[in-house]
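Asks: Start from chain U and add chain E according to the hints.
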Amino acid sequence: GNSVTQMEGPVTLSEEAFLTINCTYTATGYPSLFWYVQYPGEGLQLLLKATKADDKGSNKGFEATYRKETTSFHLEKGSVQVSDSAVYFCALYPREGKLIFGQGTELSVKP
Amino acid sequence: EPEVTQTPSHQVTQMGQEVILRCVPISNHLYFYWYRQILGQKVEFLVSFYNNEISEKSEIFDDQFSVERPDGSNFTLKIRSTKLEDSAMYFCASSDLQGLGTDTQYFGPGTRLTVL
Chain U
1 GNSVTQMEGP
11 VTLSEEAFLT
21 INCTYTATGY
31 PSLFWYVQYP
41 GEGLQLLLKA
51 TKADDKGSNK
61 GFEATYRKET
71 TSFHLEKGSV
81 QVSDSAVYFC
91 ALYPREGKLI
101 FGQGTELSVK
111 P
Chain E
1 EPEVTQTPSH
11 QVTQMGQEVI
21 LRCVPISNHL
31 YFYWYRQILG
41 QKVEFLVSFY
51 NNEISEKSEI
61 FDDQFSVERP
71 DGSNFTLKIR
81 STKLEDSAMY
91 FCASSDLQGL
101 GTDTQYFGPG
111 TRLTVL
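Chains U and E, in that order, give the protein sequences. Under our numbering, residue 111 is the last one in the first sequence; the count climbs by one each step, no gaps. Under our numbering, residue 116 is the last one in the second sequence; the count climbs by one each step, no gaps.
If we strip away everything but chain E, and leave its shape as in the complex, we get:
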């Protein structure tokens, strides 16, 4: 069964450093998402991406964040200058339809980001 994959599973970084989190969505999917979950809190939407541009972003997704689909398979989330409060589990998701009521977002296993 096709699945979303994410690398690395755990990333430790120093405050102020740049990190890139990588995702490989399901191959025939067209819509891509990033969510995050701070320990013990809700899963929160960050950004959605379709047709090589951002469709929607939350207020969390400020200028420090960017997303990119550098090739036909990868989808990346970059945090330019990490802060302590960026420590969280970051989930990538993908879906093949949107707005038709039958689409489902499939999630990757997550990348745990720890900012020291």
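Next up, chain U with everything else stripped away, as it sits in the complex:
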């Protein structure tokens, strides 16, 4: 079946630190992969996506590369800010129907 596993949080970093949030997936076929972000008290916002192997999604300094060989879609940012504090969700879309979410990783960035 289809599933997504994210690294457990919370992740606490200092401002300007490097961020990696790991995401691995299990899927049949060739799914699209997404990162959504949920800021405190708000809904889910699309952060970035990749639709095929080796695609790199990027937005607001965040990047993730669709790695079919390792079934991964790790989220990275070179220098985090306090305003990046949020919960990050990796999600898989198996070409029809529903999005399948990971459990979310809470990121807290301290000044």
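No wet-lab data here; the hints were simulated from the structure.
Simulated DEER-style distance windows between Cβ atoms:
#1 U:R95 with E:E53: 12 to 22 Å
#2 E:N28 with U:S108: 36 to 46 Å
#3 E:S9 with U:S108: 22 to 32 Å
#4 U:D54 with E:P2: 27 to 37 Å
#5 U:G9 with E:Q11: 25 to 35 Å
#6 E:P2 with U:K68: 24 to 34 Å
#7 U:G78 with E:T114: 33 to 43 Å
#8 U:G78 with E:E53: 38 to 48 Å
#9 U:A17 with E:E53: 42 to 52 Å
#10 U:Q45 with E:N52: 22 to 32 Å
Quick caveat, the model's predicted, so the values are computed rather than measured. We put the CB at the ideal spot given by N, CA and C, even for glycine.
Replies: Coordinates of chain E only, in the frame set by chain U:
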């Protein structure tokens, strides 16, 4: 930029009461979804809707739940007789394509449902 809107932002209800959660999807989108997130847990799929009928539903979406597109803009989720365990954040989403690998689901801000 077009966005999905949801009302109310917070709904408090007594167990056993009916609630209707409302969503206005992005105007040219054709596929509509409801998801829920129980506090501290994963976002879970409830139902998808296309061409005025349910395309897929999860095992969570039992007979107590129903969806409707009553007019050209609104998409509603009704819970007939709420239970304590229905307390969650409910997200509406919409997309303009499905099954082609390039579609993206855009989410509303959510309705927090509290069942007392």
